[in-house]
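Asker: Sequence:
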Amino acid sequence: NGGADIDYKNDGTPPAATATTADVTVIESENFNDGWGNWSRVSVSGEQVWEIDDEHGVGDTPCAKMSGYAGQTYANEDWLISPPMNFDNYTNEVINFYNADAYDGTALEALISNDYDGIDPTSASWDPMTFETSSGYFEWISSGDIDISGIDGEAVYIAFKYTSTDQEAATWEVDEILITGSEITGLGEQNNFTAQLNIYPNPAVNTVNITTDAELSLSLQVYSLLGTKVLEEQSFTGSTNIDLAGIRNGIYLLHFTDQNGNTGIEKLVIEK
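The sequence shown lines up with residues 1 to 272 when you count with my numbering.
Think of the hints as simulated: they come from the structure by calculation, not from any bench.
Watch out, some of these pointers could steer you wrong.
To be verified - No farther apart than 25 Å at their CA atoms in a straight line, the calculated lysine to aspartate or glutamate pairs in the DMTMM-like style are these: (1) Lys267 with Asp152; (2) Lys267 with Glu132; (3) Lys267 with Asp104; (4) Lys267 with Glu215; (5) Lys267 with Glu233; (6) Lys272 with Glu232; (7) Lys229 with Glu132; (8) Lys267 with Asp243; (9) Lys267 with Asp34; (10) Lys229 with Asp243; (11) Lys272 with Glu77; (12) Lys272 with Glu183; (13) Lys229 with Asp117; (14) Lys272 with Asp152; (15) Lys272 with Glu139; (16) Lys267 with Glu168; (17) Lys272 with Asp53; (18) Lys267 with Asp117; (19) Lys272 with Asp243; (20) Lys272 with Glu55; (21) Lys267 with Asp213.
What the hints assert, rightly or not - Pairwise CB distance ranges (calculated): (22) Pro128 with Ser235: 41 to 47 Å; (23) Asn206 with Arg41: 34 to 40 Å; (24) Asn260 with Tyr223: 18 to 24 Å; (25) Thr25 with Thr228: 18 to 24 Å; (26) Arg41 with Asn209: 28 to 34 Å; (27) Ser235 with Thr122: 17 to 23 Å; (28) Ala102 with Phe236: 38 to 44 Å; (29) Asn206 with Gly261: 29 to 35 Å; (30) Gly150 with Ala102: 20 to 26 Å.
Every residue, glycine too, gets a C-beta built ideally from N, C-alpha and C.
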């Protein structure tokens, strides 16, 4: 499906009630701590380009930054584009990212396409995604979980399009991009113990509660999007409460292992 058939949903408000989660697979993630990764920059017009800001990202880490101001305002059109992703292998695709901005100018666009040729973004059909934006000066905010499951294809791209004029040039920053989905498997019954997990609140602040509908014995490790373990393994049965006081804002992955060696991954957003 594409175009008007896509139903994009965005909810940046933490849920008030407990929800049962589904198993999650990471399709693509990028936090720009080690450069551009597999993301590409395309400058359509103007001399200014997307760059890495080494210290003003989420948790004072690097982030992607774009501004059309360089002593004065300049007209620019610049794209930051993901690698191609095969959405035919997944269902329930969702994107979440952090953004911050300052100064007057055109709003950053978050877009999705399944007909981009990997060369000229202006020749592709792009559908917009609505996301939460910051209300403060360079104040980081989560986009909220955006449902992008209404589009399919073997080469789906996400893009951030920046535009400025010679009259106005805002500055926009993007960080902690996470695209997830439920992987389509072959015939047969898939172990899905994570469907029995309740993780709340999510987004979390200083603590997160995890309970199970069944008396599962689980071990847990928490990883950053870079694969760094930020919380040592914890084992629990039935329920546990995790102290997040020492963990910075951002998107993290909860790695669970049950008593039979089955594994599952869930996403956790921390917003303090």
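Asker: Next step is simple, just say for each hint if it's right about the structure.
Answerer: Hint check results:
1. With a C-alpha separation of about 22 Å, the suggested pairing of lysine 267 with aspartate 152 holds against the 25 Å cut-off.
2. Distance check on the hinted pair: lysine 267 and glutamate 132 sit about 19 Å apart at the alpha-carbon level, within 25 Å; holds.
3. Between lysine 267 and aspartate 104 the CA atoms are separated by roughly 34 Å; this puts the pair beyond 25 Å, and the hint is violated.
4. Distance restraint check for lysine 267 and glutamate 215: the Cα-Cα separation of roughly 22 Å lies within the 25 Å cut-off, and the hinted pair is therefore satisfied.
5. Taking the CA atoms of lysine 267 and glutamate 233, the gap is about 16 Å. The hint holds against a cut of 25 Å.
6. For the given pair, lysine 272 sits about 21 Å from glutamate 232 by alpha-carbon distance, which is consistent with the 25 Å threshold.
7. Annotation: proposed proximity of lysine 229 to glutamate 132 is violated, straight-line Cα distance about 28 Å (limit 25 Å).
8. Under the criterion of a C-alpha separation no larger than 25 Å, the hint pairing lysine 267 with aspartate 243 is consistent with the structure, at around 16 Å.
9. Between lysine 267 and aspartate 34 the alpha-carbon distance is near 22 Å, which keeps this suggested pair within the 25 Å criterion.
10. Under the criterion of a C-alpha separation no larger than 25 Å, the hint pairing lysine 229 with aspartate 243 is consistent with the structure, at around 15 Å.
11. A C-alpha spacing of about 33 Å is found between lysine 272 and glutamate 77, which places the hinted pair above 25 Å, so the restraint is violated.
12. Taken as a hint, the lysine 272 and glutamate 183 pair is broken in the structure, with Cα atoms around 31 Å apart against an allowance of 25 Å.
13. Restraint check for lysine 229 and aspartate 117: not satisfied, since their Cα atoms lie roughly 37 Å apart, outside the 25 Å limit.
14. With a C-alpha separation of about 35 Å, the suggested pair lysine 272 and aspartate 152 falls outside the 25 Å cut-off, and the hint is violated.
15. Between lysine 272 and glutamate 139 the alpha-carbon distance is near 12 Å, which keeps this suggested pair within the 25 Å criterion.
16. This hinted pair does not check out: lysine 267 and glutamate 168 have alpha carbons roughly 37 Å apart, beyond 25 Å.
17. The hinted pair formed by lysine 272 and aspartate 53 meets the criterion: a straight-line CA distance of about 22 Å does not exceed 25 Å.
18. Taking the CA atoms of lysine 267 and aspartate 117, the gap is near 31 Å; set against the 25 Å cutoff, the hint is violated.
19. As the CA atoms of lysine 272 and aspartate 243 are separated by approximately 13 Å, the hinted pair is consistent with the 25 Å bound.
20. A C-alpha spacing of about 19 Å is found between lysine 272 and glutamate 55, which places the hinted pair at or below 25 Å, so the restraint holds.
21. For the hint pairing lysine 267 with aspartate 213, the CA-to-CA distance comes to about 19 Å; that is within 25 Å, so the pair holds.
22. A hinted range of 41 to 47 Å for the beta carbons of proline 128 and serine 235 is consistent with their spacing of about 44 Å.
23. Distance hint check: the CB atoms of asparagine 206 and arginine 41 are about 37 Å apart, consistent with the given range 34 to 40 Å.
24. Roughly 22 Å separates the CB atoms of asparagine 260 and tyrosine 223, a value that falls within the hinted 18 to 24 Å.
25. Separation of threonine 25 from threonine 228 is about 19 Å and conforms to the stated range, judged on CB atoms against 18 to 24 Å.
26. The hint said 28 to 34 Å for the Cβ distance between arginine 41 and asparagine 209, and at roughly 41 Å that hint is violated.
27. Judged by the Cβ atoms, the range 17 to 23 Å given for serine 235 and threonine 122 is violated: they are separated by roughly 53 Å.
28. Hint check: alanine 102 to phenylalanine 236, Cβ distance near 43 Å, so the stated range 38 to 44 Å holds.
29. Range check, asparagine 206 to glycine 261: Cβ separation about 32 Å, and the 29 to 35 Å hint holds.
30. Taking the beta carbon of each, glycine 150 and alanine 102 are about 32 Å apart, not inside 20 to 26 Å as hinted.
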